[in-house]
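Chain residues, written in single-letter form:
Protein chains: 2
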Amino acid sequence: MEIKVLTNIMDANDRVAQENRKYFRDNNIRVVNIMSSPGSGKTSLILKLAELLKKDTQLAVIEGDIASSIDAEKIIKQGVPALQINTGGACHLDSSMISDAAKNMDLAPNTLLFIENVGNLVCPASFDLGEDLTMVIASVSEGDDKPYKYPKMFEKADIIVLNKVDLLVNATFDREFFIKGVRALNSKAPIVGVSCRTGQNIKELAKLIL
Amino acid sequence: MEIKVLTNIMDANDRVAQENRKYFRDNNIRVVNIMSSPGSGKTSLILKLAELLKKDTQLAVIEGDIASSIDAEKIIKQGVPALQINTGGACHLDSSMISDAAKNMDLAPNTLLFIENVGNLVCPASFDLGEDLTMVIASVSEGDDKPYKYPKMFEKADIIVLNKVDLLVNATFDREFFIKGVRALNSKAPIVGVSCRTGQNIKELAKLIL
Chain A
1 MEIKVLTNIM DANDRVAQEN RKYFRDNNIR VVNIMSSPGS GKTSLILKLA ELLKKDTQLA
61 VIEGDIASSI DAEKIIKQGV PALQINTGGA CHLDSSMISD AAKNMDLAPN TLLFIENVGN
121 LVCPASFDLG EDLTMVIASV SEGDDKPYKY PKMFEKADII VLNKVDLLVN ATFDREFFIK
181 GVRALNSKAP IVGVSCRTGQ NIKELAKLIL
Chain B
1 MEIKVLTNIM DANDRVAQEN RKYFRDNNIR VVNIMSSPGS GKTSLILKLA ELLKKDTQLA
61 VIEGDIASSI DAEKIIKQGV PALQINTGGA CHLDSSMISD AAKNMDLAPN TLLFIENVGN
121 LVCPASFDLG EDLTMVIASV SEGDDKPYKY PKMFEKADII VLNKVDLLVN ATFDREFFIK
181 GVRALNSKAP IVGVSCRTGQ NIKELAKLIL
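Protein chains in written order, with this note's numbering: chain A, 1 to 210; chain B, 1 to 210.
No lab work stands behind these hints, which were simulated from the structure alone.
Mixed in with the good hints, there may be bad ones.
It does not matter which identical chain is used: a pair holds within one copy or between any two.
To be verified - With a cut-off of at most 25 angstroms between alpha-carbon atoms, the simulated DSS-like pairs for lysine-lysine come out as follows: (1) K203 / K188; (2) K180 / K74; (3) K55 / K22; (4) K103 / K77; (5) K180 / K77; (6) K152 / K74; (7) K188 / K74; (8) K22 / K203; (9) K54 / K207.
Produce the entire structure from the sequences given, and follow the hints as far as they go.
Written as structure tokens, this is what we have:
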């Protein structure tokens with residue numbers, strides 16, 4: 001018996017992503033899709049950016065996790081509206097999840113919307129959500145070889161953040177090797193070293209997002 | 001037109017995993033499948049264990065990465081035979097890749113074989129490779145909430161390693177919260193705090209693997 005394989009799954013995701021993009025643009029909502037390994041500091045970075053921006057900018061956050069609502073709780077505690085998506089096993093967010101979430105949140109025009117993807121350096125790279133910018137976070141404690149091992153993620157990023165730079169003094173992290181790995185894949189994206197602990201360069205990063 | 005969906009993909013993986021398991025047992029090869037986020041210290045831990053064990057035990061390593069051979073090179077430099085699998089995009093190893101790799105390596109009887117999976121806390125949890133033990137590594141720098149966010153990985157682990165415990169003094173890591181999260185999912189697996197930097201508890205961990 002012949003087995004037919006579903007080959008157009010990405011097209012379906014892309015189609016809804018385009019609808020999301022149109023909806024966001026029509027409502028002047030700016031969307032940043034944040035991706036990284038587990039524990040690189042996605043939530044911490046959103047909290048630091050929110051601290052800086054929330055006075056002058058309407059913010060909202062969509063949190064993606066397989067399980068739990070830990071991250072959304074942290075965001076709401078800071079006075080920023082947040083919705084938690086539990087993927088229930090899926091290793092990434094897709095455009096339909098974002099479409100549902102955005103409708104549910106009733107976002108005001110002129111909102112800056114952060115989407116925190118599921119912690120994973122692989123699968124989220126393949127799914128357009130309708131965002132304006134993709135931001136990939138690597139962290140010093142993960143080591144300097146991540147661009148070499150997870151090329152797709154770094155290849156498509158619009159902004160690359162190196163978090164936990166306060167650990168550079170003690171870590172065996174070769175910053176030049178990291179940057180060389182990024183630049184072999186991506187000649188355009190700014191690479192910004194930040195520390196969510198000390199606040200270093202958070203302002204500079206915020207300017208790239210707005 | 002009706003679209004048929006391939007629903008038995010896991011069965012195919014499980015079938016080859018069983019073949020691998022039989023082959024490994026027949027040849028007295030003990031196999032540990034090591035999984036974690038990118039940068040939690042899979043390679044570093046293998047290198048520390050190899051340093052300790054290679055005098056008395058025949059070792060071999062299968063390295064899994066989407067791209068690059070950085071990890072296999074590190075292992076070979078320590079005098080341990082290693083083979084690098086490049087998945088070319090796939091977010092996990094599967095049992096067929098291990099079957100091919102094991103045949104290629106011509107493993108001696110009585111070998112202790114480490115398989116380093118692709119850095120990913122999600123997808124590898126769903127793919128039996130035919131291993132004897134699964135070992136999941138979390139690290140202090142990733143934060144204490146990983147068991148809550150990636151339950152499947154911690155639920156099925158035989159050994160849970162908490163790496164980078166030398167960072168506990170400076171990190172905001174609640175060890176009790178981490179352990180509580182693990183124990184809600186997994187009542188059996190030993191939880192071993194180690195540091196690949198200082199060598200703390202590497203011997204204790206080795207005893208659990210042999």
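Against the structure, the hints come out as follows:
For the identical chains of this complex, K203 and K188 are intra-copy neighbours only, at 20 angstroms inside a copy versus 46 angstroms across copies, given an alpha-carbon limit of 25 angstroms. Taking identical chains as interchangeable, the C-alpha atoms of K180 and K74 lie at most 25 angstroms apart only when they sit on different chains, with a minimum of 19 angstroms there against 35 angstroms within one chain. For the identical chains of this complex, K55 and K22 are neighbours neither inside a copy (27 angstroms) nor across copies (63 angstroms), given an alpha-carbon limit of 25 angstroms. Taking the shortest alpha-carbon separations for K103 and K77, only the intra-copy value of 22 angstroms comes in at or below 25 angstroms, while the best inter-copy value is 54 angstroms.
Taking the shortest alpha-carbon separations for K180 and K77, only the inter-copy value of 23 angstroms comes in at or below 25 angstroms, while the best intra-copy value is 39 angstroms. In the homo-oligomer, the alpha carbons of K152 and K74 lie at most 25 angstroms apart only across protomers (23 angstroms), although the nearest pairing inside one protomer, at 30 angstroms, exceeds that limit. In this assembly of identical chains, K188 and K74 lie within 25 angstroms of each other by CA distance neither inside one copy nor across copies; the values are 33 angstroms within and 31 angstroms between. For the homomeric pair K22 and K203, neither the shortest alpha-carbon distance inside one copy (29 angstroms) nor that between copies (57 angstroms) is at most 25 angstroms.
For the identical chains of this complex, K54 and K207 are intra-copy neighbours only, at 14 angstroms inside a copy versus 52 angstroms across copies, given an alpha-carbon limit of 25 angstroms.
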